[in-house]
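Student: Chain by chain, the residues:
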Amino acid sequence: MIRNRSPSPLARTLLSVLAKADQTWSHGYDLCQLTGIKSGTLYPLLIRWEKQGYLEAQWQPPAGPGRPPRHAYRLSAEGHRFAREQAVAHPDLHRSAAKGVLA
Amino acid sequence: MNPPNSRRFATKIANFAVTLLPPDLKDWGAAMRHEIDAIPTPKDATIYAVGCLAVAMGQRFSFYARQIVEVGVGHPNYLIALCASLATGLGLIYMSLANAPITYLMVNASALALGFVAVGIAMKVIKQIGSNWGPVSLFLSLLVMLTSLYGISAEGATRWISIGGSTVQSSLLIIPIVALAFARHQSGLATIAIVVTALALAMQPDRGMAGALAAGMLVLAFATPTSLSKVAAAAAVCGFVGAMMQPDTLPAMPYVDQIYFSSFGVRPLAGLAVVIGAMLIIAPAIIGYLAGGSNAKTFLVFGTVWGAIGLAAALGNYPTPIVGYGSSAIIGYVLCILGFAQPSKRLQKSGRNAKSSPDRFDHNRDLRVLLPLTRSL
Chain L
1 MIRNRSPSPL ARTLLSVLAK ADQTWSHGYD LCQLTGIKSG TLYPLLIRWE
51 KQGYLEAQWQ PPAGPGRPPR HAYRLSAEGH RFAREQAVAH PDLHRSAAKG
101 VLA
Chain U
1001 MNPPNSRRFA TKIANFAVTL LPPDLKDWGA AMRHEIDAIP TPKDATIYAV
1051 GCLAVAMGQR FSFYARQIVE VGVGHPNYLI ALCASLATGL GLIYMSLANA
1101 PITYLMVNAS ALALGFVAVG IAMKVIKQIG SNWGPVSLFL SLLVMLTSLY
1151 GISAEGATRW ISIGGSTVQS SLLIIPIVAL AFARHQSGLA TIAIVVTALA
1201 LAMQPDRGMA GALAAGMLVL AFATPTSLSK VAAAAAVCGF VGAMMQPDTL
1251 PAMPYVDQIY FSSFGVRPLA GLAVVIGAML IIAPAIIGYL AGGSNAKTFL
1301 VFGTVWGAIG LAAALGNYPT PIVGYGSSAI IGYVLCILGF AQPSKRLQKS
1351 GRNAKSSPDR FDHNRDLRVL LPLTRSL
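One line per chain: the protein sequences are L and U, in this order. When we follow my numbering, the leftmost residue of the first sequence carries the number 1, and every step to the right adds one. When we follow my numbering, the leftmost residue of the second sequence carries the number 1001, and every step to the right adds one.
Please keep in mind that the hints were generated in silico from the structure rather than gathered at the bench. What you are looking at is a predicted structure, and each value in this text was computed from that prediction instead of being measured. The beta-carbon is built from N, C-alpha and C at its ideal position, and this holds for glycine as well. There may be inaccurate statements among the hints.
[Claimed, not checked] If you want the ones that stay clear, here's a sample from chain L, every Cβ over 12 Å from chain U, calculated:
| no. | residue |
| --- | --- |
| 1 | Ser6 |
| 2 | Asp22 |
| 3 | Gln52 |
[What the hints assert, rightly or not] Have a look at the derived ranges for each label pair, beta carbon to beta carbon:
| no. | chain 1 | residue 1 | chain 2 | residue 2 | range |
| --- | --- | --- | --- | --- | --- |
| 4 | L | Ala63 | U | Arg1267 | 16 to 24 Å |
| 5 | L | Pro69 | U | Leu1290 | 38 to 46 Å |
| 6 | U | Val1275 | L | Ala89 | 36 to 44 Å |
| 7 | L | Pro68 | U | Leu1290 | 37 to 45 Å |
| 8 | L | Glu85 | U | Leu1290 | 24 to 32 Å |
| 9 | U | Phe1063 | L | Gln60 | 24 to 32 Å |
| 10 | L | Glu85 | U | Pro1268 | 42 to 50 Å |
| 11 | L | Gln52 | U | Glu1070 | 14 to 22 Å |
| 12 | U | Thr1019 | L | Gln60 | 43 to 51 Å |
| 13 | L | Trp25 | U | Thr1019 | 51 to 59 Å |
| 14 | U | Phe1261 | L | Ser8 | 33 to 41 Å |
Taking the hints into account, I'd like the entire structure generated from these sequences.
Tutor: Pasting the structure below:
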């Protein structure tokens, strides 16, 4: 059962970063660095949003020899709509979060 | 720790995290594992891996919790049996730590076994021939009445009977199952059973059980505001008022009453066992009610009745259910499994046991019973 609850400030920060990335795929570690979110908080959010259909995930081939394949993420169309709703509902937090992490 | 070792440490943590994740999240485990390999510094990789381990532990806990809920909703008997066993076990731990006589421990353990045997036999009967709770509830309520009239007395309270040399409190054995039966199938006879039980409780100062019945029936009347549930709630509240008007001078019994507080005086571990046991008693109700489904109202009454019995034990000199010494509450709790029992699929298909379907309500039967009752008021 997936609950549809209001996202926390950290979740909204992550959402804004993914929204700004648009169609570009992001990796877990990069998202942690961009948002300041720890991996222990990041993955439950990604898992939940993927189940809710807000997030697309795909395996990407290794970037070079000896490098591992990586899981990459981006918002789905539904996820972008959700992000816009959150941006409208929390404009200040969304703006400051996006400025802070994407500057 | 030098960098290569630290990197290996991060990898080991990540591998352990992957093994902890539930089967449907194994792909996410691989994602975490490969992401750690891509992190340039061992220190960052270790911090990242520790976070992933926390995720895996949380997801595994959530997985087990979901499984328990699914089993509990699908098979309330398993859930109640599990909580009864655990709470009784915790009660035994408390009594051991409190240096209770060994016979007390044996009585509680035997009561659990006896309860399961009784339920096992009754379940077979229900599966084979179905259940008709109306006459059964009425019969049980008459036993409570007979106890109030002719039972064993102590300090002005008459609520015990002697069975095979053991003294049991009939209200603790009977009232929870009678309340559940009424919640499951409101019928004229079941309503009369509640009225008779309430009257029996009003005859002597059994405030704890009278309060439990009143709480259960009030909650049911709010959840299912039918004419019969309102009559039952009114009768139960009257019974509670009657019980409250009589002085209850029974002193607290060691290992039975007031143990929520005294157990912490024995040892913190003993207090913890009692508190966890008390929470386990109402855990099936919380799980079953929040999950919804056809048994939700029965779970609601189950939780309210046992919660009120526990509250009474905290507020006054009333038996602390299951974790304290006393066989009646343990058997009464286990008997509640019968309140959720279903007849066999063959019987359900043939419609012979339509009466026992959960939360079913017969309006015509309601009116036939209610009219004489209201006329007599």
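Student: Take the hints in turn and mark each one as holding or not.
Tutor: Hint-by-hint comparison with the structure:
1. The beta carbon of Ser6 of chain L sits about 20 Å from the closest Cβ of chain U, which is more than 12 Å, so the claim that it is off the interface holds.
2. Every CB of chain U lies more than 12 Å from the CB of Asp22 of chain L, the least distance being 21 Å, so the non-interface label holds.
3. Under the 12 Å C-beta cut-off, the non-interface status given to Gln52 of chain L relative to chain U holds; the minimum distance is some 15 Å.
4. Checked against the given bound of 16 to 24 Å, the beta carbons of Ala63 of chain L and Arg1267 of chain U, roughly 59 Å apart, lie outside it.
5. Taking 38 to 46 Å as the suggested C-beta distance range, the pair Pro69 of chain L and Leu1290 of chain U conforms, at roughly 40 Å.
6. A hinted range of 36 to 44 Å holds for the C-beta pair Val1275 of chain U and Ala89 of chain L, which are about 41 Å apart.
7. The hinted range of 37 to 45 Å is satisfied by Pro68 of chain L and Leu1290 of chain U, whose Cβ atoms lie roughly 41 Å apart.
8. One distance hint, 24 to 32 Å for the beta-carbon pair Glu85 of chain L and Leu1290 of chain U, holds here, with the actual separation near 28 Å.
9. For the hinted restraint 24 to 32 Å between Phe1063 of chain U and Gln60 of chain L, the CB-CB distance of approximately 28 Å keeps it satisfied.
10. With their beta carbons about 49 Å apart, Glu85 of chain L and Pro1268 of chain U fall inside the hinted range of 42 to 50 Å.
11. At about 21 Å, the beta-carbon gap between Gln52 of chain L and Glu1070 of chain U stays in the expected band of 14 to 22 Å.
12. Evaluation of the 43 to 51 Å hint for Thr1019 of chain U and Gln60 of chain L yields a failure: the beta carbon distance comes to about 24 Å.
13. Between Trp25 of chain L and Thr1019 of chain U the CB atoms are about 27 Å apart, so this pair departs from the stated range of 51 to 59 Å.
14. For the hinted restraint 33 to 41 Å between Phe1261 of chain U and Ser8 of chain L, the CB-CB distance of approximately 38 Å keeps it satisfied.
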